[in-house]
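Chains as they are written, first to last, in our numbering: chain X, 404 to 771; chain W, 404 to 771.
These are computed hints drawn from the structure, not numbers from a lab. Bear in mind that the values here come from a model prediction, so they are computed numbers and not experimental data. Hints may contain errors.
Examples of chain X residues toward chain W, derived with CB under 7 Å [stated by the list, open to error]: (1) D515; (2) A519; (3) T590; (4) M592; (5) P595; (6) P610.
Once the Cα atoms are required to be at most 35 Å apart in a straight line, the calculated DSBU-like pairs of lysine-lysine come out as [what the hints assert, rightly or not]: (7) W/K688 x W/K678; (8) W/K525 x W/K505; (9) X/K520 x W/K717; (10) W/K729 x X/K525; (11) W/K505 x W/K717; (12) X/K525 x W/K687; (13) W/K505 x X/K678; (14) W/K525 x X/K525; (15) W/K520 x X/K710; (16) X/K727 x W/K710; (17) X/K710 x W/K463; (18) W/K729 x X/K594.
Ideal Cβ placement from N, Cα and C applies to all residues, glycine included.
Number of protein chains: 2
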Amino acid sequence: MAGTVTVPGSSVPSTPLLKDELDIVIPTIRNLDFLEMWRPFFQPYHLIIVQDGDPSKVIKVPEGFDYELYNRNDINRILGPKASCISFKDSACRCFGYMVSKKKYVFTIDDDCFVAKDPSGKDINALEQHIKNLLSPSTPFFFNTLYDPYREGADFVRGYPFSLREGAPTAVSHGLWLNIPDYDAPTQMVKPRERNTRYVDAVLTIPKGTLFPMCGMNLAFDRQLIGPAMYFGLMGDGQPIGRYDDMWAGWCVKVICDHLSLGVKTGLPYLWHSKASNPFVNLKKEYKGIFWQEDIIPFFQNATLPKECDTVQKCYISLSEQVKEKLGKIDPYFVKLADAMVTWIEAWDELNPSDAVVASGNGKAAAK
Amino acid sequence: MAGTVTVPGSSVPSTPLLKDELDIVIPTIRNLDFLEMWRPFFQPYHLIIVQDGDPSKVIKVPEGFDYELYNRNDINRILGPKASCISFKDSACRCFGYMVSKKKYVFTIDDDCFVAKDPSGKDINALEQHIKNLLSPSTPFFFNTLYDPYREGADFVRGYPFSLREGAPTAVSHGLWLNIPDYDAPTQMVKPRERNTRYVDAVLTIPKGTLFPMCGMNLAFDRQLIGPAMYFGLMGDGQPIGRYDDMWAGWCVKVICDHLSLGVKTGLPYLWHSKASNPFVNLKKEYKGIFWQEDIIPFFQNATLPKECDTVQKCYISLSEQVKEKLGKIDPYFVKLADAMVTWIEAWDELNPSDAVVASGNGKAAAK
């Protein structure tokens, strides 16, 4: 077992899981001092830093980390006119990092998130838990009352159909937050002192047909399985909303995962979310979204994808057409967003030509 | 606050929640010594004991409990020919207790289940947690990543539609088990030493459209909302299967709850399941069910109820017709079961005439 020996006195294995197959994507506008606390867990991995805001500002990254950093000038240079699909002055810009990654897996984290402790007081290796979640199957077709049946000490309970026990490949691992919960502006305003102190020791699959509010603060996914659907939309500068970037991605991702029989897990790992954002600023950003989501969610709940859509790209293009047709009636913003969804896929395929071959599945490309 | 004062040194309030609105239903074949451990929590409530097997056997109930006890002779006397729908020599007989209860709520528990301890070492008042679950709404239409949003210290997360935050009435509270998990015979055989030691501090709603394996060991429900669907089927003596009684009820209940926009919760409370049943005996009972469930579950996943079905009774009769038509092809057992489902509803309405009035909604009855 050379290479996987655990360093005495440390819970970090000497060869971390998926070291060469996972990128950590961090959107930021400031120096990345928060990485110091994550050093034991993140240092072995490659970081993709997406700098938002003023590109002339210099972002300091603590020494010893292996990273590439992209600012707005880089995004514009790399994508040309297609850069229009990447949000500016909003953490939605992180999805550019998903696009330029060359790895199978991505973990993305906000720079105000720190290492949390489990109830025994031990530091939680969030990344390791995400990797466990992604590498074990999901159970989207039937609910298991003892939660993740693939965890040690757990299994499928009586009455769980045996034909479903192989599970489905896991595309997404959605982690949670201790301390500051991910509340919307109205809830922040009503409950300014609420803190999440409940450590729920569970990972579970969100059942097929059920939507969920996906938060981008602590999120990992399999790029190969679902990457092209992880578009964080048009938010921030010049757009009528913010703080719906991850929600948008989550709705699209879940509909596509359901169609392609892929799994989405939520629960562990927790991280420590240090600081509540300003609820007044948030309300301004969320305001229109609060109304729109009342129509958007039924739209996604009823969205179906044609059988021919057998790749994430095809699914996403089909969704963009439905967005334009059905949500375009609510506000012209959704027409623009639908167009940006198409641009995103074009840009993705341009930067990931081998994906595109698989995706398009056309004879010529496949014959290469 | 007279009457709700807590006895010093005790965590049991002097007036327990729903004291006069809840019955505890216990199926048994032996003396109920297990009640000693539950005394602080159960003694204030009324018990309905359903004695299975030889009716001449005398079941001892510890002193101080308020109870009524029914044996097979009583069931035959009360239901006459309709007693055929109540299973014999199987804990499925417990559903007779649901039928004769006159209370709004029922909690049912197996007699090999004891008080569990939470991670802090405190005895868990399972009944109190079930009541909390039943008295607070469910969230079947959208998933909340921080679990039950109505619990103290929790709420709906960002992105949860505001129109859905009122929730749906909770019809069922499904509790879990520490120590011996509720495994089927094959899993028991493969993992004879597995014990459930993971205390997951969560209650969550099983989303609309998702089926789950409902276990009858630790279960509470609102009789008024869902009682007539809590039929535990034909099991045991003279029947080709056993150990699918609660599963059958769970599938029917979930389909009907989804149709009527009622909620089903699972998670807390835990109890301590003391003893694994014999896996060889279990395999004999489960054998046919293991095959049948592969067809039964898709059947229930695709079952739809007509809009006219606006009461549990009407829903249940419609389901019985679909069972006869579609599952009857698998085995004649399902034709018999479908008939028993109808008999069950007839017996329920006979013993619960005021329910029947509400249920039938006919002018004459309503005019009373």
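Quick rundown of the hints versus the structure:
The restraint placing X/D515 at the interface with chain W is violated, with a minimum CB-CB distance near 15 Å, outside the 7 Å limit. Checking X/A519 against chain W by beta carbon gives a least distance of about 15 Å; that is not within 7 Å, so the hint is violated. About 6 Å separates the beta-carbon of X/T590 from the nearest beta-carbon of chain W, less than 7 Å, and the hint is met. With 7 Å as the threshold, the beta carbon of X/M592 stays out of range of chain W, its nearest partner Cβ sitting at about 12 Å, so the hint is violated.
The beta carbon of X/P595 comes no nearer than 12 Å to any beta carbon in chain W, farther than 7 Å, and the hint placing it at the interface is violated. Interface hint status for X/P610: upheld, as the beta-carbon distance to the closest one in chain W is roughly 4 Å, under 7 Å. Pair hint W/K688 plus W/K678 holds up; C-alpha atoms about 18 Å apart against a cutoff of 35 Å. With a CA separation close to 33 Å, the supplied pair W/K525 and W/K505 stays within the 35 Å bound.
A C-alpha spacing of about 51 Å is found between X/K520 and W/K717, which places the hinted pair above 35 Å, so the restraint is violated. Taking the CA atoms of W/K729 and X/K525, the gap is about 54 Å. The hint is violated against a cut of 35 Å. A distance of roughly 21 Å separates the Cα atoms of W/K505 and W/K717; the hinted pair therefore holds under the 35 Å criterion. Only pairs whose Cα atoms come within 35 Å are accepted, and X/K525 paired with W/K687 is rejected, the gap being roughly 46 Å.
As the CA atoms of W/K505 and X/K678 are separated by approximately 52 Å, the hinted pair breaks the 35 Å bound. For the proposed pair W/K525 and X/K525, the alpha carbon gap of about 23 Å is at most 35 Å, so the pair holds. The straight-line distance between the Cα atoms of W/K520 and X/K710 is roughly 50 Å, outside the 35 Å bound, and the hint therefore fails. Proximity of X/K727 to W/K710 is assessed by CA-CA distance (about 32 Å); at most 35 Å being required, the pair is judged to hold.
Restraint check for X/K710 and W/K463: not satisfied, since their Cα atoms lie roughly 62 Å apart, outside the 35 Å limit. With a CA separation close to 51 Å, the supplied pair W/K729 and X/K594 exceeds the 35 Å bound.
The structure fails hints 1, 2, 4, 5, 9, 10, 12, 13, 15, 17, 18 (numbered hints given earlier, in ascending order).
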